[in-house]
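Student: Here is how the chains run, residue by residue.
There are 2 protein chains.
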Amino acid sequence: MDQVKYLLDEDRLPTAWYNIAADLPTPPPPPLHPVTGQPIGPADLAPLFPMALIMQEVSTERHIEIPEEVRSIYRQWRPTPLYRARRLERALDTPAKIYYKYEGVSPAGSHKPNTAVPQAYYNKQEGVKRIITETGAGQWGSSLALAGSWFGIEIVVYMVKVSYQQKPYRRALMENVGATVIASPSPTTNAGRAILASTPDSTGSLGIAISEAVEVAAQDPDARYALGSVLNHVLLHQTVIGLEAQAQLEMAGDYPDIIVGATGGGSNFAGITFPFIGAKLRGGRDVRIVAVEPAACPSLTKGRYAYDYGDTARMAPMVKMHTLGHTFVPSGFHAGGLRYHGMSPMVSHLVQLGHIEPTAMQQLETFAAGVQFSRAEGIVPAPEANHAVAGAIREALRCKETGESRTILFNLCGHGHFDMQAYMDYHAGRLHDFEYSDEEVAMALAGLPSVGA
Amino acid sequence: MDQVKYLLDEDRLPTAWYNIAADLPTPPPPPLHPVTGQPIGPADLAPLFPMALIMQEVSTERHIEIPEEVRSIYRQWRPTPLYRARRLERALDTPAKIYYKYEGVSPAGSHKPNTAVPQAYYNKQEGVKRIITETGAGQWGSSLALAGSWFGIEIVVYMVKVSYQQKPYRRALMENVGATVIASPSPTTNAGRAILASTPDSTGSLGIAISEAVEVAAQDPDARYALGSVLNHVLLHQTVIGLEAQAQLEMAGDYPDIIVGATGGGSNFAGITFPFIGAKLRGGRDVRIVAVEPAACPSLTKGRYAYDYGDTARMAPMVKMHTLGHTFVPSGFHAGGLRYHGMSPMVSHLVQLGHIEPTAMQQLETFAAGVQFSRAEGIVPAPEANHAVAGAIREALRCKETGESRTILFNLCGHGHFDMQAYMDYHAGRLHDFEYSDEEVAMALAGLPSVGA
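Residue numbers (this note's numbering), protein chains in the order written: chain A, 28 to 480; chain B, 28 to 480.
One chain only, chain A, in its complex shape:
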């Protein structure tokens, strides 16, 4: 028995995103101004984001309409397929049913265009000429580069230097559609120059790249800043994934007992889980939600739930989140999209409310899972997605032990075509596991601001 594919008709592409803020028993703590430490309002964010996105960021409406212009572009690759992974089930010899939603069919090969397209759209609506952003592994940057080329907006990407050097093909993908890509830290900003002065051979971090992008955007009245994860409006846009999955599982006559997601900033995780968590918050069926993060960047499992800056240079607002500290530079590991020092405040809040079980996984287990998945399902997952695959395999093997049949759903957020070097390193035995000691984590957390602690 091979895979089963569940495809939604195009007319069932969601017409609205789902906003979990509408269903929370208590709201998450507000963001604070990086200098005054006071709660910030929409006006404070206006230099960075178009007003439509700021209003989405603070909205408590349950459904936010997807503009027809955005749906028209979504239709290029959406609704994405939901697969029943029968070949993987057979390979694992498990009584569990494993479903995965596949976001690698997008033109950028990941879930990131789900938010890149509406972000570019709203910026265009408000007359923005260029968008400045950062990227780690390059999935977000290449998605925004594409969206920019469609809407006629100039895109400037600060790319974490280690990725800029190690992932020239992701960079080429951005440059090929006309984006400007700058290795971060760079001499083009105060934030970058300060880092280069103190650490000339810095390989960069998402926190540093965010500082550079925010600095440039704030100084240019024709420019705005864009972020590919973490923020409420970004998570909101990703809920198309879970909304489609709900309809597809209904087609399959099934409902998940367990949903597994990989967490970096939280957007792909929120995309697949929030519609299900929302249904549960409104009195619907219970579902276990498992968040898998890399042991080498363990914000949920080893970080502190505290106010912290979103960026290294402390220009972005402070938000309450699980964080390893804004100066934290994660050790080298291959899931570049999961290397953020913090976690989406909304995901953090739901962890605090007890709706999400965080777990950390070692790199070697995630790659072993990715290889097993490739052989069974034929799709090579991105290293980020391997965390979800590995989490789902763990749950399926637990079912095998107990003999229970459970329905497991996960999001395969992207393919690994740009990450084959990582697989080559894995097969050659050049990858290794990594664990931070409590002392190292304590040191990284020492720089947390005292505000709101």
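Hints are not guaranteed to be accurate.
Claimed, not checked - Label pairs and their in silico Cβ distance ranges:
1) 215(B) to 31(A): 39 to 47 Å
2) 96(A) to 156(B): 53 to 61 Å
3) 62(A) to 455(B): 56 to 64 Å
Rather than coming from a laboratory, the hints here were simulated on the basis of the structure. Keep in mind it's a predicted model, so treat the numbers as computed, not measured. All C-beta atoms, glycine included, are put in the ideal place defined by N, C-alpha and C.
Fit chain B to the known structure of chain A by using the hints.
Tutor: What follows is chain B alone, placed relative to chain A:
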């Protein structure tokens, strides 16, 4: 106005492949034994292929049923989308309508799994334990590697050495699913050793790699050989592309005036065009068929229509085809999948019958087209596919000149995620055009066999 996508319901996945041999006014000349020069029969091919594929090779039945086991795997990514390229039309400011079928959604990122899956299936049915093949750029090898992992067949791939060295990620894709990849020419075969003795620094060619694979397969009773293009049964399997496109254009209420395809061995070209040529041969509507080949490997436009060996070491049968000679080693250019010295005998025959217009295109024009296409449509085409894109753009610009609206269809046979180095080279000005002189072609053709000339 954005792209329009035409999706077929899964229950409209073709149930049979289309065999153009049924509709030919005259059959193509038969293949000849490489030693005796006599027409060969099914028994001669038995050491190389399973009998089911040999029977397809010589069949004149119009419809050949697709086994349910194959359809079940096809459904993972088929039916593939047909797009109306409205953004590209707008960028070109053309009155033409441009449609493209997109085969890059397959797990290997190209059209090659359409034939890799049935080839692995029929081999499995006949108890074959391992399949030996060759690959140029790696699209075929990675597709067969996947199919092998699904059917539990060992796959050994002789990869043209220049690609083995320059495309480590395609190789990693094959090895990741358990295939063995050997750089060709290699010391593992007589054919390889002979080449290495005379040309120690040979970078290989498809003709040499075929010789090595055929030699190994012929000597191992548990093994068979597989080819990813050229042969009738391979082209047959690819007709799912054109059959789906016919149904999708019907949905769109349209019919192509012009179909453009890229030609290397001929399989993706046949896949999109044969169902339409067949309809015309049976008295249906006329359609111009344009075959675009690289100027650096111009078998259709500069080669001779003559009997030639399919491989360099003259172990494969002789077939009548447009050829540059079996010892021809094409100059370095980036569309590795289009570097075969000959052309499918069936495509060659249809050229002779006047149903296909061949044209050669320079590398720089194809990359310029690929970049323009990327920016408009969001998909980076493989360098092979760029030839079809460039051909379609030429036709669309001709419509702009004449003011005529024509409906153009082409096959976007694969994405370029593994070919970003080529795009980087293009943007950096490191690629160049290439043309063979008549003398060079005459020299290459001097080694043609005299049989059947």
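Student: Just pull the numbers of the violated hints for me, sorted ascending.
Tutor: Of the numbered hints given earlier, the structure breaks just one, which is hint 3.
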